[in-house]
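Participant: Top line first, the protein sequences correspond to chains R and V. Using the UniProt record's numbering, the letters of the first sequence correspond one by one to residues 1 to 259. Using the UniProt record's numbering, the letters of the second sequence correspond one by one to residues 1 to 445.
What the hints contain is simulated information worked out from the structure, not anything from laboratory work. Accuracy of the hints is not assured; some may be wrong.
[Stated by the list, open to error] Here are some, though not all, of the chain R residues that point toward chain V, as calculated from beta-carbon distances under 8 Å: (1) Leu159; (2) Lys163; (3) Ile244.
[What the hints assert, rightly or not] Derived DSS-like pairs (lysine-lysine); straight-line CA-CA distance at most 30 Å: (4) Lys305/V x Lys25/R; (5) Lys80/V x Lys163/R; (6) Lys392/V x Lys380/V; (7) Lys70/V x Lys55/V; (8) Lys15/V x Lys152/V; (9) Lys172/R x Lys140/R; (10) Lys81/R x Lys380/V; (11) Lys245/V x Lys305/V; (12) Lys70/V x Lys140/R; (13) Lys305/V x Lys63/R; (14) Lys15/V x Lys63/R; (15) Lys152/V x Lys305/V; (16) Lys37/V x Lys15/V; (17) Lys15/V x Lys25/R.
[As the list claims (entries may be wrong)] Where chain V lies over chain R, by a calculated footprint (3+ residues, C-beta under 8 Å): (18) 113-122; (19) 182-195.
Where is the CB? At the ideal position from N, CA and C, for every residue including glycine.
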Amino acid sequence: MPSVLLGNVAANEMAQEEEWANDTKLYMPYDVEQILLADNANCVAVQTFLRMCNLPYRVEYRKNAEFMSPSGRVPFIQCGKYLIPELDHIVTFVNNKGKSLTGHLNDKQKSDMRADLSLINNVLVNAELYLTWVEPVTLKEVTIPRYSSVYPWPLGTVLSYSKRSEVIARLKALQWYDKSIEEVYNEVDKVCSNLSTRLEKNQYFFGKPTELDALVFGHLHTIYTTKLPYTALWDTVKSYHNLIAHTDRINSLYFSKKG
Amino acid sequence: MVRVPVEQAPVLDFKKDVRVDRVNVTGLKRTKDDFIKPIVRELFHATNFGDVLVKADKVHRRLENLECFKNIEIFVDTSKGPKASPDGIEVTFDVTEMNWLLGSVNAMAGSEEAALVVGGRAPNILGRGEKVQLEYTHSNTHNTNMALSVSKPLVNMKSNAKIKSSIYQSNASFGASGFNEQDRAANIAFEFNSAPNVHHTVLWEAVWRYLDSTTRTVPMSVREQNGHSMKSSLIHSITMDRRNKPVFPSSGTLIDITTEFAGLGGDVGFVKNEIKMQANVSLFKDFVLQGTLQKGLLSEYSDNKTSHICDRFFLGGATSVRGFEFRGLGPHEDNISLGSELYWAAGLHLYAPLPFKVFERNFGDFFRTHLFVNAGNLGKFDSGMDYRDFFKQMVASARMSCGAGLAVRIGNSARFEINYCVPVSVQQGDRPIKGCQLGVGISFL
């Protein structure tokens, strides 16, 4: 079997003809000692989505997953001869194979969902990046030890600060760098409030599990399970009981060990 | 007093007992005396006239090696003056110091690319041979290198010893293997001669490497090596060059042995050894038979520290086994050359001057025609294999090519070749070239 790895456009065109590979691999950084908040959220979200679609995959932990990825972001999957990074592209790839979680949605709902996904990616992700790379105590006590744990001295420290410059440049461009920490928590609060209102008393955002449920779960579960020097992030989230219930439900449905 | 340069001296008795009374070194401005004294000291041990000339030549070479002087003339005369001894000799070295700052623009070539080297250096800045050099290299394939180095000869040691340190950054693209490599490194080296023509270099180097993929279709076995790694290694290399000339030698042998131990810190660990040998025999007229043999072995010794694709050996190309594309021999995946941990390569050449005495007078020395046979193999020894079977396989599945061509000397160390190659033995996955192949470089198989 040829192992030529193709880019997204070619992949999506050709993928329709082929079945999902049973030995699909999901590449991500080491989740215990290395991975950071925003990346972890995305990795959990992708895994949740694949489980929702009942598509088999195997996790491969690599310390250089972000450099292996065709887009530089984690996670990415290798399905047969295709390499697909990030949740959005993976959802498109899966949809092209005929599997969709949003088949029951009308156009308005689909556009609402896209708006929510976009909100999470623009606000929650940036808030997480801010807390990881800009907040000084978290940076020193959590981020740098974790990011440099897989590299020898002094490479780990050099790479950490280099990555920090990259993230700060991105946050500056999106005008997040100059926010204060309180403003950041406020933004998180606003997002959670929006999502909570959308969810109301339902089990899922749109009746049945969709990629939005996967992404929300990815972020909230990560925030819950990541130990940070300040609990303010979790405190902001936990006041939204329906979101917490949603997180618990998805966790027990898709991630609890059975038998 | 008549000063006569050594080359034009009248017939002299070389066995005559003499005593060197004085050694003068004129032309020194910023160079310190205590730097020059240890070098010229050995002249005082000369016992007869012939010995004086031999030692004067040695001192001349040592002064040249300092790279501080652009012109060194030797004058030998009888000793005069009140303190002169009978049969006394006075030797004078007249040197011209190099300028404080020198610039250079050079062209350089490797097997696959040509490059421009722009640099500046300050030779002898503090008067004891300290040299600071900054060099930038840019090739036509967008490979670049920027290096800052400092060096100092250690004249108190007899062996042309030198200590040298540099920091550099290089960017290179290896499309044949699917990766780009960016290296940032610092090193410190100690060079010396343990015997004439036997040159040692002991080097410690730390390199921060970053690999990334050249295209999106690079196979996973190369892609999974992307990212950062740090190699800290100790390298010892010995070169024993007893050939009569570096380019187109007609006699003599060359042996080059390099051993690298990586793993003093960093996350890269391996032991790498490479041996290259060349022997030249003059046949009738100007025909020279040359045989070369090379081998390399890379082995990992630890589970925690590994080697990467950029540490492996690659085979094939105009300066390696001819008749194959660059890195075109050995394990391939989707046309990407993966390299391996063990290789051997051999070459047999018959060099001849241009036929029909074409250009013999003017340029004949720059050209040679040659017939060649090149062979080699590249593989990996798995611990599960029986080593006898492995060696049999390394010979049985060897690649071979033969051909003929024209070689042109460039300067004193490099040459250009244009060959017609016929690959004779090829394995699946290789990228052979049947036909014309061009190559430029310093070291060929």
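Participant: A separate judgement is required for each hint: does it hold in the structure or not?
Facilitator: The hints, checked one at a time:
no. : hint                : verdict
1   : Leu159              : holds (6 Å)
2   : Lys163              : violated (11 Å)
3   : Ile244              : violated (37 Å)
4   : Lys305/V x Lys25/R  : holds (25 Å)
5   : Lys80/V x Lys163/R  : violated (74 Å)
6   : Lys392/V x Lys380/V : holds (13 Å)
7   : Lys70/V x Lys55/V   : holds (20 Å)
8   : Lys15/V x Lys152/V  : violated (37 Å)
9   : Lys172/R x Lys140/R : holds (20 Å)
10  : Lys81/R x Lys380/V  : holds (26 Å)
11  : Lys245/V x Lys305/V : violated (42 Å)
12  : Lys70/V x Lys140/R  : violated (56 Å)
13  : Lys305/V x Lys63/R  : holds (14 Å)
14  : Lys15/V x Lys63/R   : violated (73 Å)
15  : Lys152/V x Lys305/V : violated (34 Å)
16  : Lys37/V x Lys15/V   : holds (26 Å)
17  : Lys15/V x Lys25/R   : violated (83 Å)
18  : 113-122             : violated (count 0)
19  : 182-195             : violated (count 0)
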